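Novice: Dock chain B with the ligand against the given chain A, drawing on the hints supplied.
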Amino acid sequence: MEYWEKEIETMPRNGLRFLQLARLNTTLEAAVRSSYYGGLAKRDRSFRTRVGEVAELQDFPFTTKQDLRDHFPYGFLSLPTKEIIRLHSSSGTTGNPTVIYHNRHDIASWANLMARSLFCAGVRDTDVFQNIVGYGLFTGGLGFQYGIERLGALSIPAGAGNSLRQIKLMRDYGTTAIHAIPSYLGRLLEVFREEGLDPRTDTSLRMLVIGAEPHTEEQRQRIQEMYGVKAFNSFGLSEMNGPGVAFECEFQQGLHIWEDAYVVEIIDPATLEPVPDGEYGELVMTTLDREANPLIRYRTRDITRIIPGECPCGRTHRRIDRITGRSDDMFIIKGCNIFPMQIEGVLLRVPEVGDDYRITIDTVAGQDDMIVEVEVKKEWFRGDLQFLDALQKRITRLIRDEVLVSPVVRLVEPGSIPKAEGKAVRVFDKRIR
Amino acid sequence: MAYQVSIFLENKLGHLERVTNVLKNAGVNIRNMNLNHTANGWGILNLVVSYPELACNLLNQNGLSAALRKIAVLKMVDKAGGLDQLLKRIAKAGVNFTTAHGMVLEEGKIAFFAIDIEDIPDARERLEAVGLEIMPDNYVYGTRFM
Ligand SMILES: [Zn+2]
Numbered sequence: 001m002e003y004w005e006k007e008i009e010t011m012p013r014n015g016l017r018f019l020q021l022a023r024l025n026t027t028l029e030a031a032v033r034s035s036y037y038g039g040l041a042k043r044d045r046s047f048r049t050r051v052g053e054v055a056e057l058q059d060f061p062f063t064t065k066q067d068l069r070d071h072f073p074y075g076f077l078s079l080p081t082k083e084i085i086r087l088h089s090s091s092g093t094t095g096n097p098t099v100i101y102h103n104r105h106d107i108a109s110w111a112n113l114m115a116r117s118l119f120c121a122g123v124r125d126t127d128v129f130q131n132i133v134g135y136g137l138f139t140g141g142l143g144f145q146y147g148i149e150r151l152g153a154l155s156i157p158a159g160a161g162n163s164l165r166q167i168k169l170m171r172d173y174g175t176t177a178i179h180a181i182p183s184y185l186g187r188l189l190e191v192f193r194e195e196g197l198d199p200r201t202d203t204s205l206r207m208l209v210i211g212a213e214p215h216t217e218e219q220r221q222r223i224q225e226m227y228g229v230k231a232f233n234s235f236g237l238s239e240m241n242g243p244g245v246a247f248e249c250e251f252q253q254g255l256h257i258w259e260d261a262y263v264v265e266i267i268d269p270a271t272l273e274p275v276p277d278g279e280y281g282e283l284v285m286t287t288l289d290r291e292a293n294p295l296i297r298y299r300t301r302d303i304t305r306i307i308p309g310e311c312p313c314g315r316t317h318r319r320i321d322r323i324t325g326r327s328d329d330m331f332i333i334k335g336c337n338i339f340p341m342q343i344e345g346v347l348l349r350v351p352e353v354g355d356d357y358r359i360t361i362d363t364v365a366g367q368d369d370m371i372v373e374v375e376v377k378k379e380w381f382r383g384d385l386q387f388l389d390a391l392q393k394r395i396t397r398l399i400r401d402e403v404l405v406s407p408v409v410r411l412v413e414p415g416s417i418p419k420a421e422g423k424a425v426r427v428f429d430k431r432i433r
Numbered sequence: 001m002a003y004q005v006s007i008f009l010e011n012k013l014g015h016l017e018r019v020t021n022v023l024k025n026a027g028v029n030i031r032n033m034n035l036n037h038t039a040n041g042w043g044i045l046n047l048v049v050s051y052p053e054l055a056c057n058l059l060n061q062n063g064l065s066a067a068l069r070k071i072a073v074l075k076m077v078d079k080a081g082g083l084d085q086l087l088k089r090i091a092k093a094g095v096n097f098t099t100a101h102g103m104v105l106e107e108g109k110i111a112f113f114a115i116d117i118e119d120i121p122d123a124r125e126r127l128e129a130v131g132l133e134i135m136p137d138n139y140v141y142g143t144r145f146m
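Residue numbers (the working numbering), protein chains in the order written: chain A, 1 to 433; chain B, 1 to 146.
Next up, chain B with everything else stripped away, as it sits in the complex:
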């Protein structure tokens, strides 16, 4: 299963750059980014990166709070109502996710949908049981040609 890096972040100027700077210096490629802010002055930044474990360690070493969270990246059907159809199937699988974000992994051609399944141990089985295709890790991380 693939992982995203989730980072605790205050809503303050320059804090996001602190993250991107650490990753840039380490040559970690950010594939997708999603920022979940709360009204309480802080939020969670979810990153899909080329080397999640390395990124997580580096961020923690640089004084940030980062954690790895399991995600399932699903392909969206490439037509109108595609997301709606996907969500219906996820619901059918009984996978009740709380965090999700759309991502584009291939030059704007195909859209994907990443859902956080860290707290749902049998998510993979459930999703596959309704015929959903979970993208392989190296595809998600963009490392399959390396």
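For reference, chain A alone in the conformation it holds in the complex:
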């Protein structure tokens, strides 16, 4: 097994905890130099600059995206602006954007995490890596760029869009690895086909990196089939630098989250209490290696879980599961936390129904019901009641097994559910609160 930084990546857990503790205390000291955390430490005694154990973080207040917005533009900056060499900011069409500043150290640390991530997935300095995402303020462009360069592979900073040009670049320079969002790879394949080309035989591709967009294992499998190579999951968010936060290794059994750079917690978004390993909840992160813009217990709003057990690759940094949605999308019914992506995952395993679905939560006779509407695909319809009856029962059972709540499954005519555009709302909560 090859590692980018063997010592850190395979560090025993107790060693990792010591490293985390030392870095956490440094981070807390840096944090209170910002006006936001400085003020918080004065106001709120649970915010301290020194802890004896990483677990003590659980007493600290959370930081939210709204806090970042409310203290725009410099409230979270811990260093004089002359030390800062770059900022990344969210588009933020309404209200203040969220902005993260980096000094030289931060950029170098991020580039190293990114290089470690790529190496972990199998990228080597002999690769030709085409980065098919937007550059500029979006962190996926420059984040990958610096990582590829740090690793020493040949980078092609292609940017997003223009599929014909992407294909030409891939063929001209013998691209062996690409990074793109999963939905784009579907569109790119169509252009390959229009050109009479097959990426499996007409390119030198040997791997894909996908991220920045929630997707299911089934979608990943489809992408792997279409391109004939493995697709590795990348996870990051701009508040935590961007990409390079967590990455899949060659075993593709979850994403190693770099615990020398982040303290990772998973909480129940409703109670804000930690959940046991293996259970889904909201990812909360604390930066450990960022000087300009430290964040303490940042609520990412991403839903995932810690995958229990050790990874065969030998890395000791724990693994998170793919992101199954946003905590804002979560709804609670009959005491169970449910995420639309869980339902979507079930439906993707049922070939007889289409990808479009709609969830309605309603109170019927004083009891909350989850109504899941799905379209039966025309090609499966044979005109008999028995088939539809059995299909409905099967979907009901599959969803119940997944979310532990029995849904009311409604089969609807094809085309009657509005097509989802990007991140469309799929859940309608009609309950009276």
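Mixed in with the good hints there might be a few duds.
As a list, the in silico DSBU-like pairs of lysine-lysine whose alpha-carbon atoms are at most 30 Å apart [unchecked claim]:
1) B:K12 to A:K419
2) B:K12 to A:K378
3) A:K378 to B:K70
4) B:K12 to A:K393
5) A:K377 to B:K70
6) A:K393 to B:K79
So the derived list for chain A, only partly shown, Cβ under 10 Å to chain B, looks like this [unchecked claim]:
7) Q145
8) K377
9) W380
10) F381
11) D389
12) V409
13) L411
14) E413
15) P414
A short list of chain B residues far from chain A (calculated; beta carbon distances all over 12 Å) [claimed, not checked]:
16) N21
17) S50
18) L68
19) E125
20) G142
Everything labelled a hint here was simulated from the structure, so no lab data went into it.
In this text, all values refer to a predicted model and were calculated from it rather than measured experimentally.
Ideal Cβ positions, reconstructed from N, Cα and C, are used throughout, including at glycine.
Specialist: Frame of chain A; chain B with the ligand shown alone:
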């Protein structure tokens, strides 16, 4: 063998009209109609029409889910207990149908009974073996004089 058109339909206002409208515009004559609703908000509409294949294609083109299903249309004995007698003979033939509907094909004079035999490959042989008469297609579709 004759066919009926079976259509997946939600229990919603106006959905049935969507079907009849498509057929009306194409000049397809609806000979008989039977609606099987479930408690789950949807059902199956079974139609015996003058041109089942055309009707099925048109409905599918218009965004509905329609399928052709094989039926056997049997004449009912025109006296009290006629249906009972017919059902007994169908049972004797060992034809275990799940969908059936009565139809009147000739101005209220004679009654017929249509059973869905799509999933029973040897239904015809079995029914004929017990002496039941299966009505010819053009009679079922009402196209025999055209
Ligand atoms: Zn691993």
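Novice: Against each hint, give a clear statement of whether it holds in the structure.
Specialist: Hints, one by one, checked against the model:
1. Of the pairs offered as hints, the one joining B:K12 and A:K419 holds, with about 20 Å between alpha carbons and a cut-off of 30 Å not exceeded.
2. Proposed proximity of B:K12 and A:K378 is supported: the alpha carbons are some 19 Å apart, at most 30 Å.
3. Of the supplied pair hints, the one linking A:K378 and B:K70 holds, its CA atoms being roughly 18 Å apart against a limit of 30 Å.
4. Restraint check for B:K12 and A:K393: the C-alpha separation of about 22 Å stays at or below 30 Å, so the hint holds.
5. Between A:K377 and B:K70, the direct Cα distance comes to roughly 21 Å. Compliance with the 30 Å bound is thereby established for this hinted pair.
6. For the hint linking A:K393 to B:K79, the alpha-carbon distance of about 42 Å lies beyond 30 Å, and the restraint is violated.
7. Nearest Cβ of chain B to the Cβ of A:Q145: about 47 Å, over the 10 Å cut. The hint is violated.
8. Against a cut-off of 10 Å between C-beta atoms, the interface hint on A:K377 holds, since the closest Cβ of chain B lies about 8 Å away.
9. Evaluation of the A:W380 hint against chain B yields a held restraint, the C-beta minimum of about 9 Å falling below 10 Å.
10. The interface hint given for A:F381 is met, as the beta carbon of that residue sits about 4 Å from the closest beta carbon of chain B, less than 10 Å.
11. A hinted interface residue such as A:D389 counts as satisfied when its beta carbon comes closer than 10 Å to some beta carbon of chain B; here the least separation is about 7 Å, so the hint holds.
12. At about 8 Å, the closest approach between the beta carbon of A:V409 and any beta carbon in chain B falls short of 10 Å, and the interface hint on this residue holds.
13. Of the supplied interface hints, the one on A:L411 holds, with its beta-carbon coming within about 5 Å of a beta-carbon of chain B, less than 10 Å.
14. Interface restraint check: A:E413 against chain B, minimum CB-CB distance 6 Å, threshold 10 Å, status holds.
15. With its C-beta approaching chain B no nearer than about 6 Å, A:P414 sits inside the 10 Å limit, and its interface hint holds.
16. Every CB of chain A lies more than 12 Å from the CB of B:N21, the least distance being 15 Å, so the non-interface label holds.
17. The Cβ of B:S50 sits about 18 Å from the closest Cβ of chain A, beyond the 12 Å cut-off, so the non-interface label holds.
18. Once the 12 Å rule is applied to beta carbons, B:L68 is inconsistent with being away from chain A; the minimum gap is 7 Å.
19. Distance to chain A confirms B:E125 as a non-interface residue, since its nearest Cβ pair spans about 22 Å, more than 12 Å.
20. Every CB of chain A is more than 12 Å from the CB of B:G142 (nearest about 21 Å), matching its label as outside the interface.
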